[in-house]
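Start from chain A and add chain B according to the hints.
There are 2 protein chains.
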Amino acid sequence: MIQPNVPETGVPRVVIVGGGFGGINLAKKLKNAPVQIVMLDRNNYHLFQPLLYQVSTAGLEPDSIAFPLRGIFKSQKNLIFRMAEVTGLRAAENILETGIGELRYDYLILATGSTTNFFGNKLIEEHAIGMKSLIEAVQIRNYVIKQFEESLLLKTEEEIKPKLNFVMVGGGPTGVEMAGAFAELRKYIIPKDYPELPVSLMNIYLIEGSPRLLAGMSELSSEKALKGLQELGVIVMRKTVVKDYDGKILTLSTGEKIESQSLFWSAGVKGVPVDGIAPEIILPNGRILVNEFNQLNGLTNVFAIGDIAQMTDDKHPKGYPMVAQVAIQQGANLANNLKKLLKQQTSLQPFKYNDLGSMATIGRNKAVAEFAGMKLYGYFAWLVWMAVHLMSLLGFRNKLVVFINWFYRYFTFDRGTRIIIKRGAANIVKLRQTVN
Amino acid sequence: MIQPNVPETGVPRVVIVGGGFGGINLAKKLKNAPVQIVMLDRNNYHLFQPLLYQVSTAGLEPDSIAFPLRGIFKSQKNLIFRMAEVTGLRAAENILETGIGELRYDYLILATGSTTNFFGNKLIEEHAIGMKSLIEAVQIRNYVIKQFEESLLLKTEEEIKPKLNFVMVGGGPTGVEMAGAFAELRKYIIPKDYPELPVSLMNIYLIEGSPRLLAGMSELSSEKALKGLQELGVIVMRKTVVKDYDGKILTLSTGEKIESQSLFWSAGVKGVPVDGIAPEIILPNGRILVNEFNQLNGLTNVFAIGDIAQMTDDKHPKGYPMVAQVAIQQGANLANNLKKLLKQQTSLQPFKYNDLGSMATIGRNKAVAEFAGMKLYGYFAWLVWMAVHLMSLLGFRNKLVVFINWFYRYFTFDRGTRIIIKRGAANIVKLRQTVN
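Respectively, the protein sequence lines represent chains A and B. Going by our numbering, 100 is the number at position 100 of the first sequence; the sequence numbering is gapless. Going by our numbering, 1411 is the number at position 411 of the second sequence; the sequence numbering is gapless.
For the record, the hints were derived by calculation from the structure and aren't laboratory data. There could be a bad hint or two in this list.
Claimed, not checked - Cut-off 20 Å, straight-line C-alpha distance, at most; resulting in silico cross-link-like pairs (DMTMM-like, lysine to aspartate or glutamate): (1) A/K31 <-> B/E1196; (2) A/K74 <-> B/D1414; (3) B/K1248 <-> B/E1159; (4) B/K1077 <-> A/D414; (5) A/K270 <-> A/E125; (6) B/K1243 <-> B/E1093; (7) A/K31 <-> A/D106; (8) A/K352 <-> A/D414; (9) A/K239 <-> A/E256; (10) B/K1031 <-> A/E196; (11) B/K1155 <-> A/E102; (12) A/K74 <-> B/E1184; (13) A/K74 <-> B/E1196; (14) A/K77 <-> B/E1149; (15) B/K1074 <-> A/E149; (16) A/K77 <-> B/D1414; (17) A/K155 <-> A/E280; (18) B/K1375 <-> B/D1355; (19) B/K1074 <-> A/E150; (20) A/K187 <-> A/E231; (21) A/K155 <-> B/E1150; (22) A/K146 <-> B/E1085; (23) A/K161 <-> A/E85; (24) A/K74 <-> B/E1149; (25) A/K74 <-> B/E1150; (26) B/K1074 <-> A/E196; (27) A/K270 <-> A/E256.
Just chain A, with the same shape it has in the complex:
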């Protein structure tokens, strides 16, 4: 019989759901606390989401941005990891329901992150591709390369064009970086790999509903990003919304139609709350309302941090941005508060967000970055972007492999990982059934 098999050790049990930025930072900060930490995640790895778009565009291997959670915590003796999905919460009994059985907790922290938000448009949801998970990134890579291979087999430009129209929806960092990476592919890789294909048939669209890209940054940065992408030949459409998509034709709010077989969606994210949370604290975007200590309303031992949590203050009436920094800082603050609670101290520290800045890369040698009151553009911002991302990657091996890939790409203009990993053999079907 399957069961969580987590022994009672006599010390308070802290259950952390999710091994993202918030969850792992919280767990690390509790390393020497007198608790038993149980970390649950549906995957066995921490994913460095900021570089996911580089996997999609054949710049990095998937393994280099995923770090096994057991590796992260191998020297942390007070932590137990279980690969499991959470299915429900019975807060009155301090019980978490999971795919591997029920788990009692003394303190529960939901750090489940966010998922792609299609804002209820079922047709788009059915045909567009999200950009949140590792398998999505690998599949995008497979899919994009396949469009080029198949284009070679078509005779007329009318047949080819829909295959080579790539549409990114959402002008946040993910959309901007992905569009830039596609433009680089078009400039440096496609002409070499597919000399038979007129590269002019490939179009890259970036569609954003609001008047500007990178809405979280300054107007100047937005302007620089827009210009940078346009110089790379990206067709940027602002104040434009995708109304409909059937897998072949995209209808825009302007009435315009685009033929495309590839719609990549980063126009929004949402939380996926656990069953059993009081409906009145679940917001329409799926985030869970928490107080300044990240506590769920009416519960003193249940917390939510990171993307899934919505904490408001005067400056952030709609909650903090759904970015890694907020999750990391909330994890740290909550670790301190948990230590106080363990000592029966009631003077908890309210969370204060320290905005360390934000940045986005636009393409080779070009980025926008804002931090410590500075605004940087161009080459230097790009170097900063690389340094910050390299430093943030977990593990020496991953840092080194990513560095080498970037170094190699910089000097050769090549991308090493443009392979299609196909399924095929009959046995794999069986394996897949077992594995999933």
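This is chain B only, laid out in the frame that chain A set:
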């Protein structure tokens, strides 16, 4: 309409089926020949099969042993690549039938390699996992890690044992190296990653039908490999054949039964000949009989090289071994002969195999190697093994990434890539249908 879209250029057309060791070496050697080369492969990458077992055992990322064929040939102007499966041959008309339409050829070279041979045992074929493709390796990695994660959820040793019995069938280099890698996992990784699991429950079996391992090498090397594996705790069974397997219980020719959910099969390979080849030159193992010029019987412009070709001489009445060296050398010899044929010369050079030696690694610091009349064992053989494999890998990036992984593993005893890449999101089902 889908069609190969290969233009007629007035020069003779050489169609090469398969981008393995034989195919790419042949194509490279024809770089300056006055021909149009059309290379077909079902995948868009060359796979460095000798290191596949390291992907299976979380030592290397899949991308580091796969090299995009378009990248390999990007500066070779006389070569066109198409991703396609070959479905039939009409030799009388010089027409190759493929999934993307028919293709005329002047010279045709079949270099399609080999696939796993289950020797007709349907039950084993259904439940065992082959070790020939990149996706199989990734799935083995997923599957193995999942066995450990699931073992944690079971209470009794009786339930756990079948999950942690890993059985390799076939005592050739693949089976030996895989068994050694599993033993290393057990020694260095599992105790750290799964301190809750008694490592004694994990058993590694290597089953070989003949009296010795590494039958292609000397008796002394076989003996060293056997000892090395036994020292690592691998249970090696010789003169033993797997009679049956239902996915749960393995029945051996000795009558013994082993409970195991993981049977990895490298007990044999076979050719998969193309429809349309005269049945009398197809051997029971699927290989195609060729003459000393790699020509198919009765055809002067159709050739087979590498694993798919069976060429016999006095020393090799059953054909040359199905290894990379034979394919590479046959590719080179055939390139020279094709150049002669293009110049209307009829004095073709018969193939002569120059055995450069063979080697297998057994584990950390340990390998067996035989070359240039020397027999090496232990640490030095292991260094030679690493150097030869690194040098043989295509591409600077791959060499570097593999080197770093090995370097990192050597000093940290860690394996960086033990992640489970899962499928899950509904959209992926759709994508998968499109991609496959």
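Hints versus structure:
no.	hint	verdict
1	A/K31 <-> B/E1196	holds (18 Å)
2	A/K74 <-> B/D1414	holds (11 Å)
3	B/K1248 <-> B/E1159	holds (12 Å)
4	B/K1077 <-> A/D414	holds (18 Å)
5	A/K270 <-> A/E125	holds (13 Å)
6	B/K1243 <-> B/E1093	violated (45 Å)
7	A/K31 <-> A/D106	holds (17 Å)
8	A/K352 <-> A/D414	violated (43 Å)
9	A/K239 <-> A/E256	holds (13 Å)
10	B/K1031 <-> A/E196	holds (18 Å)
11	B/K1155 <-> A/E102	holds (15 Å)
12	A/K74 <-> B/E1184	holds (17 Å)
13	A/K74 <-> B/E1196	holds (12 Å)
14	A/K77 <-> B/E1149	holds (18 Å)
15	B/K1074 <-> A/E149	holds (15 Å)
16	A/K77 <-> B/D1414	holds (18 Å)
17	A/K155 <-> A/E280	violated (57 Å)
18	B/K1375 <-> B/D1355	holds (14 Å)
19	B/K1074 <-> A/E150	holds (18 Å)
20	A/K187 <-> A/E231	holds (12 Å)
21	A/K155 <-> B/E1150	violated (51 Å)
22	A/K146 <-> B/E1085	holds (14 Å)
23	A/K161 <-> A/E85	violated (41 Å)
24	A/K74 <-> B/E1149	holds (15 Å)
25	A/K74 <-> B/E1150	holds (18 Å)
26	B/K1074 <-> A/E196	holds (12 Å)
27	A/K270 <-> A/E256	violated (28 Å)
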